[in-house]
Structures are given as C-alpha cells and as structure tokens.
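Asks: Input sequences plus hints: build the corresponding full structure.
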Amino acid sequence: MTQQPLQQTATTAQGLKSGSHLERVLAAGHFAVTGEIGPPKSHDANLILEKCALLKGYVDAANITDNQTGIVRMSSIATGILLSNAGLEPVIQMTCRDRNRLAMQSDILGAAAHGIRNVLCLSGDHQSFGNHPGAKNVHDLDSMQLIRMLQEMRDNNQFQCGEEIAGGGPPLFIGAAANPFAEPLELRPRRLKKKALAGADFVQTQMIFDVDRFREFMCRAVDLGVTESMSVLAGVGPLKSAGMARYMRDNVPGIAVPDQVIKRMEGAVQGIPSDDKKARMAAARAEGVRACIEQIDDIRQIEGVAGVHIMAIEWEAAIKPIVVGAGLYPRPGDTG
Amino acid sequence: MIVADQKPIEDIRQMLRGKRKVLAVGCGTCVAVCFAGGKREVGVLSSALRMATELAGEAREIDEAIVQRQCEKEFIEHLGEQLDGYDAILSLGCGVGVQSLADQFPGTRVLPGLNTKFMGGPEEQGVWVERCQGCGNCLLDYTGGICPISRCPKQLMNGPCGGTADGGRCEVDPEIPCAWYRIWERMDTLEIQQELMEIRPPKDWSSSRDGGMRRVVRKDLQKPDLDDGS
Amino acid sequence: MGYSVKTEPQVIAFCCMHCAYAAADLAGSSRFGYPANLKIVALPCTGRTDMGHILQSFEDGAAGVLVAGCLPGRCHYVSGNLYARQRVDYLTGLLEEIGLQGERVRMINISAGMGAKFAELANEFVETIRALGPTGLTRKPGSGDFQPIAEKSTGPSALTDNESVLPLADPKPIDPKPMDPKPIERGVT
Chain R
28 MTQQPLQQTA TTAQGLKSGS HLERVLAAGH FAVTGEIGPP KSHDANLILE
78 KCALLKGYVD AANITDNQTG IVRMSSIATG ILLSNAGLEP VIQMTCRDRN
128 RLAMQSDILG AAAHGIRNVL CLSGDHQSFG NHPGAKNVHD LDSMQLIRML
178 QEMRDNNQFQ CGEEIAGGGP PLFIGAAANP FAEPLELRPR RLKKKALAGA
228 DFVQTQMIFD VDRFREFMCR AVDLGVTESM SVLAGVGPLK SAGMARYMRD
278 NVPGIAVPDQ VIKRMEGAVQ GIPSDDKKAR MAAARAEGVR ACIEQIDDIR
328 QIEGVAGVHI MAIEWEAAIK PIVVGAGLYP RPGDTG
Chain W
8 MIVADQKPIE DIRQMLRGKR KVLAVGCGTC VAVCFAGGKR EVGVLSSALR
58 MATELAGEAR EIDEAIVQRQ CEKEFIEHLG EQLDGYDAIL SLGCGVGVQS
108 LADQFPGTRV LPGLNTKFMG GPEEQGVWVE RCQGCGNCLL DYTGGICPIS
158 RCPKQLMNGP CGGTADGGRC EVDPEIPCAW YRIWERMDTL EIQQELMEIR
208 PPKDWSSSRD GGMRRVVRKD LQKPDLDDGS
Chain G
73 MGYSVKTEPQ VIAFCCMHCA YAAADLAGSS RFGYPANLKI VALPCTGRTD
123 MGHILQSFED GAAGVLVAGC LPGRCHYVSG NLYARQRVDY LTGLLEEIGL
173 QGERVRMINI SAGMGAKFAE LANEFVETIR ALGPTGLTRK PGSGDFQPIA
223 EKSTGPSALT DNESVLPLAD PKPIDPKPMD PKPIERGVT
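Protein chains in written order, with our numbering: chain R, 28 to 363; chain W, 8 to 237; chain G, 73 to 261.
For the record, the hints were derived by calculation from the structure and aren't laboratory data. Please note that a few of the clues may not be correct.
Stated by the list, open to error - A few chain G residues that face chain W, going by a derived Cβ cut-off under 8 angstroms, partial list only: (1) Phe130; (2) Leu166; (3) Ile170.
To be verified - What follows is a set of in silico ranges between Cβ atoms, one per label pair, in the way DEER data are often shown: (4) W:Cys145 with R:Glu213: 25 to 35 angstroms; (5) W:Glu88 with G:Thr164: 37 to 47 angstroms; (6) R:Tyr274 with W:Glu137: 27 to 37 angstroms; (7) W:Asp94 with G:Ser102: 28 to 38 angstroms; (8) W:Glu198 with R:Tyr274: 38 to 48 angstroms; (9) R:Ala344 with G:Asp161: 52 to 62 angstroms.
Note that the structure is predicted; figures quoted are calculated from it, not measured. Here a beta-carbon is modelled for each residue, glycine too, at the ideal position from N, C-alpha and C.
Replies: Rendered as structure tokens:
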C-alpha cells in the first residue's frame, strides 16, 4: 500500500498541486511576476548568484532556460538548485529536443528531490540554430505529450509506461509556452486550449508588443475556457534599441512589433549625437523600460491575464525598475 | 522512391586511391529516376573520373556496368563472371545496393558513389523532397496524409510549435512549409479538423530505426521446404 | 604554347540543324573563314546533347567543345537550347573539379542567318582553346590526329553531302547523313 508523503497530502488539502510559491501567489489571486535567467556557458556558479541577486524580491519565480537557441549552457535543473539554495524559486525549463522520455522522467525525479516544483515544457529551438548544429535531436515526445506525462506522474503516481511511482508522484506545477502571434493565427487559441486539456497549470507567452492584438487573442482564449484551468502569464520584455525591435520583428517567429513601438524607440535617441554611444544606449534603454512598464499596465487590464513573465535578455538589471515602475513591488511574501 | 545524389568527385577520388581498375556499377531503378546512378550518370561520372585521375597523375581504368536493380541478388549475380582484375566496385546504387553488392562479392571492395538521402518523390522537375522515414507505424490517417515525422524537423505529434514563420514556413528552413500548418489546413479541407484537438499520445518508436534493424517476413511467400514430406 | 601545326587542338562543335548548322553552312558559302580544326557534329537540337557526349569528346582528345544553338526563345523545339545551356553551365563546374579549365566548354546562341557571327565566334573559341594549351590527357590512338586540309577552310561542306544553302526565309527540312558521336558505352555489359 503506497503512503503519500506528508507534504503532498497537505498540498492537496489546500487544493494546490505542488505547493510552489508561484502557485500559491496565483491561487491567492495576486498578479504574478516571473523573470528569466540565462545560465552561463560555463560551470561558474557565481555568475548565477549575481543574476539571482538582481531578481530576488522582484519576481515570484525565475525561469531558467534549457540550452536555449541550441547553445550549450549549464543545465536548467542544476541552475535551479543553485537558485533554490539562494532563496529564489526557480521555474526550470525542459525541452523535448535533448532528452528522451527516460531522461525526462529521471531528471524530473531528481529535480523534485531537490525541491524544484515549477516546470515549463517546451519543444525546444532546433539545434541548427545553435553551436552544435550536427547534433542528433531527440523529440521522443513533443511538448504536449510532456505536459500530459508530468501531469500523470503527479496526479496518477505513474511513470509514462504505467508503472507506479513508489512513494507517490512528484509535486509539480506544470507550465506550457504559447506564441499567440505565430502562424497559423486562428489556431493559436485552440492550441492553448489543447495545452490546458493536456494538463498545463500555467502558460507563459512569447513577448507581446502589440497589446491590442493580444487583447483579441485573450478574448478568444477566455471564450474557449482556457483560463478556467490555466493561469496565463503574458510575456513582456524591455527593448534595448530600435534595432533590437526591428530584429525581433523580422527574425523571430511570432513576435509582432507595431510600427509605433519602433518609432518610439527611434525617437528616444533623437537629438543625441551618433558618436555618443553611451548616451544613446542609456536613452534607448530608459525608453525601453518605460515602454515595458506601460505595456504591463495595459496588459493588466485584460481579462484572463494572471501575471507577466518579464524577459530581460542579458539585462537582468532592468527587472527592478520595471517591477517597481509598474507598481508590482513589493511581491507577496511568504505565502505558505 | 529512394532518393540519392552523387558524392562529390573529390570524395570519390579519395576512396579510389590505390585502386587501378574499378568497375562502376549503376542501377536502373530508383537512382536512375532521380538521375543519380542510372546508365547515363555512370557514363558521365566514369568519364569524369578517368580524366580527373589521369590529370592528377594516377590514371585509373574505370569500366562501366548497369544492372536493373542492385538490391536483388538475381540481378547482380552475373557481375561475378567479370570481376577478375578489378580492385574495387564503385556502386552508384543506393545504400541497399552497395550492401547487396558487398554481400554478393565479399572478396571485392565495394565503395559507395552516392549519398542515399531519403524516401521521397519529385515535387517538381529536378526537385525531390523527403516524404517518409519508415517509422514502421504509419500515422497518416491522423494527419490528413501529411507526415509529421519526415516533414517536421521536430517530429511533433501535436504541432505546430511556436516557430511557424510568416507564410506558414518552418523556422528551421524557409524552403520547407510548416508541416503542421499544412496538416491543420488539410484536415480543415477534409472537414475533420476537430480530430486534431485530441492529444496524440507518445509514439512507440520501437517499430522505427530505434528498435533496431527491421525485417519483414512473409511466410506465404517463402520457398516451401520440399523435404516437408507430410 | 604547346601546339604545332601537327598538333593543333581538336575542337568539337555540337550544332543544331535549324540554326547553328545553317549558320555554319552560310559562313562557308559566304567565305567567312573559320578554323578547319573545328569539327561540326549536327544534331536536331542542342537539347539532344548529353553531358556524356561532351565529356567523351574530351576523353577522346578534344581540347574544347562548343555547343551552338538557337537564340533563346527561338528554339525549334521550344526549350532544347535552354536545357543545353543548363548542362553546359553544369559541365563548366565539373571540368574545374576534374582539373580542366571551365572555359573549354562553351555555349553560343545564333540564328540561321548569322553566318559571319558564327565564323567570328568559332574563331574566338578556337583561339581561347589554343591559348589554354593541351588538356594533358593522352589522346586515344585513332581518335584523329589533326590532318591539315586545304588552306581554304570552307565550313562544314567537307563533312556532308548536302551542298545546298538553306534559304533563310523558309527553312526546308534537311537530312544530312547524321554524324553519330562515338558510342558512349565502353566496357558496358
């Protein structure tokens, strides 16, 4: 007869699935804030602790990317453990590109043993984008199947093969990614619904710059009942320059950047001499932060949005001014 | 059909180092139809190699032969009568043909002149595209006749991913249409798009290459045992 | 640069009957001279040219191969000359990979009335081949060492029975004895 671990019983009793801080913040009805950390291309733990210090207290949890863009970095789970120990709750990311179902389940058990609860399930960028384009990709499962597998591990105490997990399944808060503006557009809300059906508890979207279009998207998602079982966190990110805005618009699938956003970034450096790079950069970045704050303000008004996921790429220092500027500081404290 | 294309001349020359007399053998089936290893291609390649090796000061005799199908013993057996004196066979068949020749003539070095690419077909004149990976458990009934294993770089079963680029192109290669974009479109045309809202469970890959080298046995077609007197 | 009278380069010209061959004929009858070591092979269309024919020519001792077809858009068989162009482009690269110069193969496009032009381009091509020197490939015995013929080069008339000049306005179908290129299948079972 299987004994359910004590913590799990307590969690279930509160109607929580994992008891993670992020889950509790959302369950309590707060507007959640998550951030993102890119692990180093080395085994230097200090770099992580430096970034951690920039986010701690300003976000409820921080995502750690998993060999993003197919570039080898320290593993998401290992980084997550370091973050956990430093007092910042991690959201580990797991792609389908690098692991088969054995490795996935094994890694999840290991992560859970270290107290990690939040997992974001992703297909993963194709290895051809990264620094090891000749690698074999795995894709034993896709992200939908990974979500379902984790949900069954947690709720049915079983491995993917059907065998029982001794001592009960890992308490997980399962996340999915969504890209509302990638083609085919009309499908994306239905795809979000499918992720909810698969068992996702929360969703983080790709960066939103076109708030009006996102509003329409959320309208359809709410109609489909997506938000009844899933918390949607809208992705935002401060732009560093007009060049960055244009690059994202042209090169990253699903990122829609309205012309007025680009014009705004261009306007930020007007009047500053072109050789004064420092001043131009500072001005552009300041504008990027302001724009991000305004976007968060607008997005908060949209029905069904439960929080924001702030992606400050290689600019973790921007998190503090954005969170404070958007009136989202201080974060809810100890929730459990 | 199996689609292949020729290895670069330089690579073939490397393989032929030290071999004075070579028999180039083409195949009249798949590789002839994708113009990689048919009679004509054998002629062009052999001529090119003869000249290239002579100009490099290492002249080789390269003779030409063609068989209907390299993959079947009955079509290649006769080559055995003329293999005396040849240091190697340069096979312009697909990987199956190369191995078939090597198995048939274990005492002769058999070299691959082609890179076998995939199972596919011509999309337009001069362009062949991949269509099938031989996963061993066809799921084309679920996807409206478009295979996500061979046509999606991530082999998604519940696609598309978030990377579909403008115009329904795959983020990995703009020349490839996003397979899942096409699948949703096709299922819509067939008026069964709703079926795609079901979550396809993880695939059993043991029927694919992952399970090991595969065999198909048809007992009804095997040669009956004449000694089975009963 | 490696050539003497006895060893002038052999140049093969694959000419389509409808335009290039007719132009060569016109050049001859109009006394626009071009080198006698340019040997013409008549084809119904340059689209009939196989890459194997061209490579075989080099193997058999040719130092250059010219492919002469109709003007683009004017091919009697619609697109034969375009396919020939694609093949010549491919071979230009292949020759480089073999260790020969890509310029040894060339395609030209002319119409039946361009006798003077044919002679000009033929002269130019042979000059290019002379400058490139021998290929370095051993000529196969019997493949035809150059025999100097009468000093008046008179075009292709030496090679066919057909003496008539093609009328420009209304080309009659002509039927010269076909010059088969050497069979490609050497050593084929």
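Asks: Was the hint right that Ile170 (chain G) lines chain W, CB cutoff 8 angstroms?
Replies: Holds - the Cβ of Ile170 (chain G) comes within 8 angstroms of chain W, reaching about 4 angstroms at its closest.
Asks: Look at the Cβ atoms of Asp94 (chain W) and Ser102 (chain G) and judge whether their distance stays inside 28 to 38 angstroms.
Replies: 55 angstroms Cβ-Cβ, so the 28 to 38 angstroms window is violated.
Asks: Lying within 27 to 37 angstroms: is that true of the beta-carbon distance Tyr274 (chain R) to Glu137 (chain W)?
Replies: Taking Cβ atoms as reference, Tyr274 (chain R) and Glu137 (chain W) lie about 31 angstroms apart, which means the hint holds.
Asks: Holds or violated: 37 to 47 angstroms for the Cβ distance of Glu88 (chain W) and Thr164 (chain G)?
Replies: For Glu88 (chain W) and Thr164 (chain G) the Cβ distance comes to about 40 angstroms; the hint holds.
Asks: Have a go at the Leu166 (chain G) hint: is there a Cβ in chain W nearer than 8 angstroms to its own Cβ?
Replies: holds, 6 angstroms
Asks: Does the beta carbon distance between Glu198 (chain W) and Tyr274 (chain R) stay inside 38 to 48 angstroms, or does it fall outside?
Replies: Holds: the Cβ-Cβ distance is about 41 angstroms, inside 38 to 48 angstroms.
Asks: Would you settle whether the hint for Phe130 (chain G) is holds or violated, based on the nearest Cβ-Cβ distance to chain W being less than 8 angstroms?
Replies: Interface hint status for Phe130 (chain G): holds (6 angstroms vs cutoff 8 angstroms).
Asks: Range hint 52 to 62 angstroms: satisfied by the CB atoms of Ala344 (chain R) and Asp161 (chain G)?
Replies: Check passed, 56 angstroms falls within 52 to 62 angstroms.
Asks: Check the following: the C-beta atoms of Cys145 (chain W) and Glu213 (chain R) are separated by a distance inside 25 to 35 angstroms.
Replies: Given range 25 to 35 angstroms: holds, Cβ gap about 29 angstroms.
Hint 7 from the earlier list is the only one contradicted by this structure; the remaining hints agree with it.
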